[in-house]
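> For the record, the sequence lines run as chains G and L.
Under this note's numbering, read the first sequence as residues 5 to 268, first letter to last.
Under this note's numbering, read the second sequence as residues 7 to 80, first letter to last.
The hints are simulated quantities; they were obtained by calculation from the structure and are not laboratory data.
Ideal Cβ positions, reconstructed from N, Cα and C, are used throughout, including at glycine.
Footprint (simulated), chain G over chain L, 3 or more residues, beta carbon under 8 Å:
# : stretch
1 : 18-24
2 : 31-37
3 : 58-65
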Amino acid sequence: MLVFPQLSTGASALYPLTKTSRQRTVVNTLGDGRVDVYADPDARSLGWEIQAKGLTAAEWGAIEALFEAAAGMWHTFTFLDPAGNLLAESETFGASAWTNGALIDLTAGVSDPLGTTRATLVTNAGGGTEGVVQTLAVPGTFHYCLSVWARTDSSTSLILTVSTSGGNATKTLALETQWARVSLSANLGLSTNSVTFSAQMSAGGTVDLFGMQVEAQLSASDYKQTGTSGGVYSNARFGADTITVTAQGTDVYDAVLQIVNTEN
Amino acid sequence: MQWVIRLESLDESELTNLEQFFEDLGGRAGTFSFTDPWDGTVYASCSFGSDELALGFEEVARGKTQVTVKENRT
Chain G
5 MLVFPQLSTG ASALYPLTKT SRQRTVVNTL GDGRVDVYAD PDARSLGWEI QAKGLTAAEW
65 GAIEALFEAA AGMWHTFTFL DPAGNLLAES ETFGASAWTN GALIDLTAGV SDPLGTTRAT
125 LVTNAGGGTE GVVQTLAVPG TFHYCLSVWA RTDSSTSLIL TVSTSGGNAT KTLALETQWA
185 RVSLSANLGL STNSVTFSAQ MSAGGTVDLF GMQVEAQLSA SDYKQTGTSG GVYSNARFGA
245 DTITVTAQGT DVYDAVLQIV NTEN
Chain L
7 MQWVIRLESL DESELTNLEQ FFEDLGGRAG TFSFTDPWDG TVYASCSFGS DELALGFEEV
67 ARGKTQVTVK ENRT
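Excised from the complex, chain G in its bound form (with noise of 0.2 Å):
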């Protein structure tokens, strides 16, 4: 599994960081002058185009072995965006990206902490401790944080957990009737190609949630609303077969590079 990797503070890229949204439409111009428009979404694309400045020498090597091993824009490898919420789905915790407990059942419409009615009644009629459950195909050697809105009315606490093949990090919260933004960061370090992120709570439990974010990084950043894709693109590519480095001083490197994806 080819990994763009993380930098030695834990996150993904160094800010600032450029990505564009790339769309194709199909425009057909009838006799008479008028105009049909038709979006073509498998056109579609994503790029990212990164001032990494201040490397140090083991993150460059990283970069550049990846770059190597791709053979430059020829192979695709697993990008995490440093821009977004690797999550899909981060507010319907009833879609198919979630692989909940069985007994979990799910309320949607309730209020939200940015206004709206976007969050959740999660309740866990169940025997034991279940909750939303969402496995990533991400490596288990990064640093994570997992972060999401709750609150309760029933004296439940929210146990967030990080697992992966043979570790876990979880983290036990007491909630309140006010809604907290609550998170865990967590790296693992085992050598897996998939991570499992969960919010559960103990059996007969009830908790509010809204917005699940999952980001490879020490904290948590703004929220990011996902549809049914999140930030994990398996097939992204270098953009260019070229890469130039400048050595700054001892251990200090700049480079910029441009990472695509063109696979939806």
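Based on these hints, arrange chain L on the given structure of chain G.
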């Protein structure tokens, strides 16, 4: 009518919401209503002027982008 809108000091949520809206519309293929920020007039059918949207992520709440909105005339 056409508006060129330069947006600065955006946080990451705002940038991502704009990106999601742009992608949901399929770039310039989609239509939406747009309120003229000069006089509040609502134009019922508008589209993005380009199929490309570049989002600049910089420091905290220093995101920036630029969009062109065009009124569709029948």
